[in-house]
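S.K.: Sequence:
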Amino acid sequence: MDYFLVSKHQIVEENILFTSKVLYQLLDNELHVDELFLKYANERNIILNLNIERILYLSLTLLFAMGLISANQNMIMRAIQ
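Under this note's numbering, the first residue of the sequence shown carries the number 1, and numbering increases by one thereafter.
Rather than coming from a laboratory, the hints here were simulated on the basis of the structure.
Even for Gly, the Cβ is constructed at its ideal location relative to N, Cα and C.
Have a look at the derived ranges for each label pair, beta carbon to beta carbon:
(1) 51 - 26: 11 to 21 Å
(2) 80 - 49: 27 to 37 Å
(3) 18 - 79: 17 to 27 Å
Please work from the sequences and hints to get the whole structure.
M.R.: Set out below in structure tokens:
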């Protein structure tokens, strides 16, 4: 599955770039991973499941690799620029 393209057979939540953007916007202060995922689910009005959580972890990995977020234990925050 190509997580960076959107086709008519995929939901927008399966797109890593879109999900990363939404997660980054939701990180206004330091949050626990579970709190961030619940905040995302409430924002997008979806129910969390294993597939969505996998996409969310991939999105966090992308943000971390780009240096946009930092992690301390299970707490996620925007990186200080």
